[in-house]
Every structure is written in structure tokens, then in C-alpha cells.
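Visitor: Chain by chain, the residues:
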Amino acid sequence: DAGITQSPRHKVTETGTPVTLRCHQTENHRYMYWYRQDPGHGLRLIHYSYGVKDTDKGEVSDGYSVSRSKTEDFLLTLESATSSQTSVYFCASSPATFYSNQPQHFGDGTRLSIL
Amino acid sequence: KNEVEQSPQNLTAQEGEFITINCSYSVGISALHWLQQHPGGGIVSLFMLSSGKKKHGRLIATINIQEKHSSLHITASHPRDSAVYICAVEVGADGLTFGKGTHLIIQP
Chain A
213 DAGITQSPRH
223 KVTETGTPVT
233 LRCHQTENHR
243 YMYWYRQDPG
253 HGLRLIHYSY
263 GVKDTDKGEV
273 SDGYSVSRSK
283 TEDFLLTLES
293 ATSSQTSVYF
303 CASSPATFYS
313 NQPQHFGDGT
323 RLSIL
Chain B
4 KNEVEQSPQN
14 LTAQEGEFIT
24 INCSYSVGIS
34 ALHWLQQHPG
44 GGIVSLFMLS
54 SGKKKHGRLI
64 ATINIQEKHS
74 SLHITASHPR
84 DSAVYICAVE
94 VGADGLTFGK
104 GTHLIIQP
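Listed in order, the protein sequences are those of chains A and B. Our numbering puts the first residue of the first sequence at 213, with every later residue one more than the last. Our numbering puts the first residue of the second sequence at 4, with every later residue one more than the last.
Just chain A, same shape as in the assembly (with noise of 0.2 Å):
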């Protein structure tokens, strides 16, 4: 297993508030992904790394930004949480490079609520 986990696991929060959800993997993978799960959308990509400080947009990125300082952190912020944003977060990590032969490998999720 790549050894990836999210932290918190669970969180509450009210509207307007920021939230940042971690995601940090062992494996020493290039890639990095941030998806959302939401009933009737299934998983919907918010934002990838393709290195340190190399980031890019996803489908659904407006209100979310990331950060990767190190190859082994990926972090999500929610600058000012909104209804919408309630979610199940989950993180991936992949050693892919273009046409490799390397499965993403998946965080056990984040489950946010905002209030």
C-alpha cells in the first residue's frame, strides 16, 4: 500500500470559516490529487501536484486552493467554507509519470461538514 493517510478523518465546521485538510504519503510519489465524493457526482477531481510547488487546477476547483511544499504533503485549503463544500475529501497519490503503468493509490477520506 503506498501508505497514504488524510488527517482530521472527521470535521464540523460553520460557514465562513478556513479549513485545511492534510494529506501526507510515504511512498515518495511524484503525484498528488485531491478528489471529492458527493452523491449523484461520484468523484470529481479539485486540484493535482505534479511536484513540489507544481501545482494545477481540477474540475472542480473554485473556492479550493493547494500547497505542496514537500514531495510527501499535500494540503487543502478552504479559504472560507461554504454549504457546498460539504463533502467526503479524498487523496491520491500515484509515481505516474505520462503513460506509466502505476495505479493512484487513495487515502481512507475526510468526511466535512459545514454548517
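Since the hints were made in silico from the structure, they are not lab data. One thing to keep in mind: the hints can contain errors.
If you want the ones that stay clear, here's a sample from chain B, every Cβ over 10 Å from chain A, calculated [as the list claims (entries may be wrong)]:
(1) Lys-4
(2) Ser-10
(3) Asn-13
(4) Thr-15
(5) Gln-17
(6) Glu-18
(7) Glu-20
(8) Pro-42
(9) His-59
(10) Leu-62
(11) Ile-68
(12) His-76
(13) Ile-77
(14) His-81
(15) Lys-103
Straight line, CA to CA, 25 Å or less: simulated BS3-like cross-link-like pairs of lysine-lysine [claimed, not checked]:
(16) Lys-103/B x Lys-56/B
(17) Lys-103/B x Lys-4/B
(18) Lys-269/A x Lys-103/B
(19) Lys-58/B x Lys-269/A
(20) Lys-265/A x Lys-282/A
(21) Lys-58/B x Lys-103/B
C-beta: ideal position from N, C-alpha, C; glycine also.
Start from chain A and add chain B according to the hints.
Guide: Positioned in the frame of chain A, the structure of chain B alone reads:
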């Protein structure tokens, strides 16, 4: 944007039955993934395919690149196979595009 469609959305079967879940996509891909998600939420990668067929235990995954279609088969299904099965496609390394999943229940 790649559209990924899975069928069926829900499937209930009896233990021992042969199960098939289908996935189709709209744009050329570099790889297709099959994932499993159990109640409680953890996501596990089952297969990653770019051509042909792969087998792991009772699970078989096939892909037809020309038809933009993949199938996941489960032979001799068991209640522990009950889970959500998710198809996802990859174009390069900029993340996956997912289907909405197939909810599979295997009854004893």
C-alpha cells in the same frame, strides 16, 4: 471532457452468479481503472488497463480501445464482493475522470 458512463447503476444478485459491470467513455485515454469502494468509504484500485484483459483471482477486466468500452466481471460472486465498483479513465497524469459507480449487492 471525457464522459464516463457505467451500467448498471445498481445490481443485486445471488451468491455464485457471474457478474458483469460495463463502462464506456467518450474520448481516447491512456489508461482505464477499476476501483472498489466498500461501505465505510475506502477506495482500492483493482485494475489498471490500457489494452486487452487482466485477471486477479475471481475478477477479470477487459478493455476494447476501438469501441471505448470496458467490462469488469466477477466469477462465483460472494457476499463479500458487495461494494461500489467505480470505473475511471486517465488521459496523461492530470487526474482521473470517474463514472458514478455501480452499487453491487450479493445476497447469500
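Visitor: Are the Cα positions of Lys-58/B and Lys-269/A separated by 25 Å at most?
Guide: Roughly 34 Å separates the two Cα atoms, so the pair is violated.
Visitor: Can we confirm that no CB of chain A comes within 10 Å of the CB of Ile-68/B?
Guide: 14 Å, holds
Visitor: Against the 25 Å threshold, does the CA-CA distance of Lys-265/A and Lys-282/A hold or violate the hint?
Guide: 8 Å, holds
Visitor: Regarding the assertion that Glu-18/B does not contact chain A, is the least Cβ-Cβ distance greater than 10 Å?
Guide: Fine: 27 Å to the nearest Cβ keeps Glu-18/B off the interface.
Visitor: Quick one, are Lys-103/B and Lys-56/B close enough, alpha carbons at most 25 Å?
Guide: Holds, because 23 Å separates the two Cα atoms, which is no more than 25 Å.
Visitor: Far enough from chain A: is every CB of that chain over 10 Å from the CB of Leu-62/B?
Guide: 14 Å, holds
Visitor: Beyond 10 Å on every Cβ pair: is that true for Gln-17/B relative to chain A?
Guide: Holds, because the least Cβ-Cβ distance between Gln-17/B and chain A comes to about 27 Å, which exceeds 10 Å.
Visitor: Can we confirm that no CB of chain A comes within 10 Å of the CB of Asn-13/B?
Guide: 13 Å, holds
Visitor: Closest CB-CB distance from Lys-103/B to chain A, is it above 10 Å?
Guide: Since the minimum Cβ distance to chain A is about 4 Å, Lys-103/B lies within 10 Å and the statement is violated.
Visitor: Over 10 Å to the closest beta carbon of chain A is the bar; see if Glu-20/B clears it.
Guide: 25 Å, holds
Visitor: Take a quick look at His-59/B and tell me if its Cβ sits farther than 10 Å from every Cβ on chain A, holds or violated.
Guide: Non-interface label stands for His-59/B: nearest chain A Cβ at 12 Å, farther than 10 Å.
Visitor: Minimum Cβ separation between Ile-77/B and chain A greater than 10 Å?
Guide: Holds, since 19 Å exceeds 10 Å.
Of the hints listed earlier, those the structure fails to meet are numbers 1, 15 and 19, in rising order.
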